[in-house]
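K.L.:
First to last, the sequence lines map onto chains Y and Z.
Counting from 1, one number per residue, gives the positions in the first sequence under this note's numbering.
Counting from 1, one number per residue, gives the positions in the second sequence under this note's numbering.
Among these hints, one or two may not hold up.
Here are some chain Z residues the structure puts well away from chain Y; computed CB gaps all over 12 Å [claimed, not checked]:
1. Met27
2. Glu155
3. Tyr274
Footprint (simulated), chain Z over chain Y, 3 or more residues, beta carbon under 8 Å [claimed, not checked]:
4. 44-56
5. 82-92
6. 96-109
7. 117-126
8. 134-143
9. 149-163
In case anyone wonders, no lab produced these hints; they're calculated from the structure.
Yeah, the Cβ is synthetic: ideal placement off N, Cα and C, and Gly gets one too.
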Amino acid sequence: MVIVKRKELSLRERLYLPEVVRALSFTFRALFKRKITRQYPEEGLPVTEVTRGQPRLTLLEDGENLACVSCGLCEAACPAYAITIDGQETDRFIEREPERFEIDMLRCILCGFCEEACPKDAIFMSDELELADFTREALIYDIDKLKRPKAALQKRIDYFYKVNDRWRKPSSTS
Amino acid sequence: MATRTFEFTPGPNIDALKDDPVHGELMHLNLGPQHPATHGVLRLSVDLDGETMHNVVPDVGYLHRGKEKTCESLGWAKFFPHTDRLDYVQPLMNNIGYALALEKLAGLEVPQRGQEIRVLLMELSRIAAHLIYLGTTAIDLGAVTMFFNTFKEREKVYTILDAYTGHRMNNTYVRIGGVFADVDDTLEGMMREFLEQFRAEIDSFESLLTGNRIWHDRNRGVGTVSRSDALAWALSGPNLRGSGEPYDLRKAQPYSGYEDYAFEVPVGTVGDCYDRYLIRVEEMRQSVTIALQALDRLHKSRGGEILIEDRRYVLPPKHKVHTSMEELIFQFKIVTDMCLPRGEAYHGIESSKGELGFFVASDGTRTPLRCHIRAPGLYNVQAIPLLAEGRLFSDMVAIIGSLDFVMGEVDR
Numbered sequence: 001m002v003i004v005k006r007k008e009l010s011l012r013e014r015l016y017l018p019e020v021v022r023a024l025s026f027t028f029r030a031l032f033k034r035k036i037t038r039q040y041p042e043e044g045l046p047v048t049e050v051t052r053g054q055p056r057l058t059l060l061e062d063g064e065n066l067a068c069v070s071c072g073l074c075e076a077a078c079p080a081y082a083i084t085i086d087g088q089e090t091d092r093f094i095e096r097e098p099e100r101f102e103i104d105m106l107r108c109i110l111c112g113f114c115e116e117a118c119p120k121d122a123i124f125m126s127d128e129l130e131l132a133d134f135t136r137e138a139l140i141y142d143i144d145k146l147k148r149p150k151a152a153l154q155k156r157i158d159y160f161y162k163v164n165d166r167w168r169k170p171s172s173t174s
Numbered sequence: 001m002a003t004r005t006f007e008f009t010p011g012p013n014i015d016a017l018k019d020d021p022v023h024g025e026l027m028h029l030n031l032g033p034q035h036p037a038t039h040g041v042l043r044l045s046v047d048l049d050g051e052t053m054h055n056v057v058p059d060v061g062y063l064h065r066g067k068e069k070t071c072e073s074l075g076w077a078k079f080f081p082h083t084d085r086l087d088y089v090q091p092l093m094n095n096i097g098y099a100l101a102l103e104k105l106a107g108l109e110v111p112q113r114g115q116e117i118r119v120l121l122m123e124l125s126r127i128a129a130h131l132i133y134l135g136t137t138a139i140d141l142g143a144v145t146m147f148f149n150t151f152k153e154r155e156k157v158y159t160i161l162d163a164y165t166g167h168r169m170n171n172t173y174v175r176i177g178g179v180f181a182d183v184d185d186t187l188e189g190m191m192r193e194f195l196e197q198f199r200a201e202i203d204s205f206e207s208l209l210t211g212n213r214i215w216h217d218r219n220r221g222v223g224t225v226s227r228s229d230a231l232a233w234a235l236s237g238p239n240l241r242g243s244g245e246p247y248d249l250r251k252a253q254p255y256s257g258y259e260d261y262a263f264e265v266p267v268g269t270v271g272d273c274y275d276r277y278l279i280r281v282e283e284m285r286q287s288v289t290i291a292l293q294a295l296d297r298l299h300k301s302r303g304g305e306i307l308i309e310d311r312r313y314v315l316p317p318k319h320k321v322h323t324s325m326e327e328l329i330f331q332f333k334i335v336t337d338m339c340l341p342r343g344e345a346y347h348g349i350e351s352s353k354g355e356l357g358f359f360v361a362s363d364g365t366r367t368p369l370r371c372h373i374r375a376p377g378l379y380n381v382q383a384i385p386l387l388a389e390g391r392l393f394s395d396m397v398a399i400i401g402s403l404d405f406v407m408g409e410v411d412r
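Isolated chain Y (complex conformation):
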């Protein structure tokens, strides 16, 4: 426990004017310091692989089909109810694929729970942050707007696996 000291004003501080000069010198010194303001639209935001931007769907190496098997786990994990999935059967080996996969970007809170829940590496948080349009309908993203080649998300995937590795030792299972 430490009792905070209440400062009584000195004569100089009571006179006030010298203090105004001192405070102004504090303010004017800021003119010559490095500027910290970012000129946003011209100067972009620094994005790294840690940045959790909007979720995107990964394509398989063939560049056509989604990695998603429409298991619905991201839908179940989403705390904002932003994801809607309708599955359908397919002749491919994985047997199921999404017929409809929509993320309502107006609802999405970029928490990253979908990325964590996905058992197929099909959804990842991209570094895309900017989101603006003229209608609400345009911001409900469907597969065409969501799919990205795996290479575009590779940095994030690598980071996610790195975190996962450090996260727990791969040795023991309970």
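Assemble the complex: chain Y is given as a structure, and chain Z must be docked to it using the hints.
P.N.:
Same frame as chain Y, but now just chain Z:
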């Protein structure tokens, strides 16, 4: 104990004033809910006699989003992003408070390194929250320079959190049983660099305010609350300590290993706005000390576990999910159907505003039976009449600022 009535009835002196030609009728004034000095959407109904305030009634609820009920329908883990939005100036603190309540209910023990990271995050959040207090209160009282300088420093905290969690605000990086990611060397360096230079910044903030005559005139002797009143009105945090009660949950009921850290609890003597300001400034210094200690510990405990290995509550690692059927089943189980055992638990943490507590009751299903959030801000707001009645109207801004509440948390 104080013998104050808890009813907001006009005293006999006000009735007498009505026929007095000098005083005339009381003027009813609404301060807020859109007034910038009310720090959010707080409405205060004030009866004014000239400039003197009578019958101050705070009206809360304009930001009510039903968070407690949302928790009851969403489920255990999915509520984490919602806790961010309670007291949105310190999201990680809320995350940790909720996680600690769930861990108490489930009987989990967070690994050592996970606790150290949590302490570090809590102290950084506390610094960011106190910087907001300092900046906004100072700009409300006319010191515009302070606002820019504190927000410059807060930006550095947010840059660190951005580099760690990927978001500047609403981080959602705490999980049941630990934290999501580890703090690596780069982050350690960033945090250390910030904390080292931050001490000098606190001194420069103090050199602008502590001996400032206007700051003295506006804060000293304003909004005085005695120790017994503060206890009776359930104030907590800096508002309680300002009145001289050395009650800090980090000392009184240590959690996350706070008992192993060396720090002091600052205590005031008078209980006015000035004391509360001094305490928050001193708390920032203590936070720097704690954070540096936590960084030293993190340096030693490198490679340690940050999340418990428990297949009831914690998701298995991704590479195992791809290869093991068992782990895939656990992945599905935990995401869709995570249940906490029957029972109830309450855990309070010392947030920057006071005792932030989460009460969770479980009937063994995947949603809580009840989740109650003990928000310190609500108790701070209800004490406004105690502090403000009988004082001049211009003191209201200083009182609101010094009580330091965030309406997102008050209204939930």
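K.L.:
Are the hints correct? Go through all of them and say.
P.N.:
Tested hints:
| no. | hint | in the structure |
| --- | --- | --- |
| 1 | Met27 | 33 Å, holds |
| 2 | Glu155 | 7 Å, violated |
| 3 | Tyr274 | 7 Å, violated |
| 4 | 44-56 | holds (count 4) |
| 5 | 82-92 | violated (count 0) |
| 6 | 96-109 | violated (count 1) |
| 7 | 117-126 | holds (count 4) |
| 8 | 134-143 | violated (count 0) |
| 9 | 149-163 | holds (count 3) |
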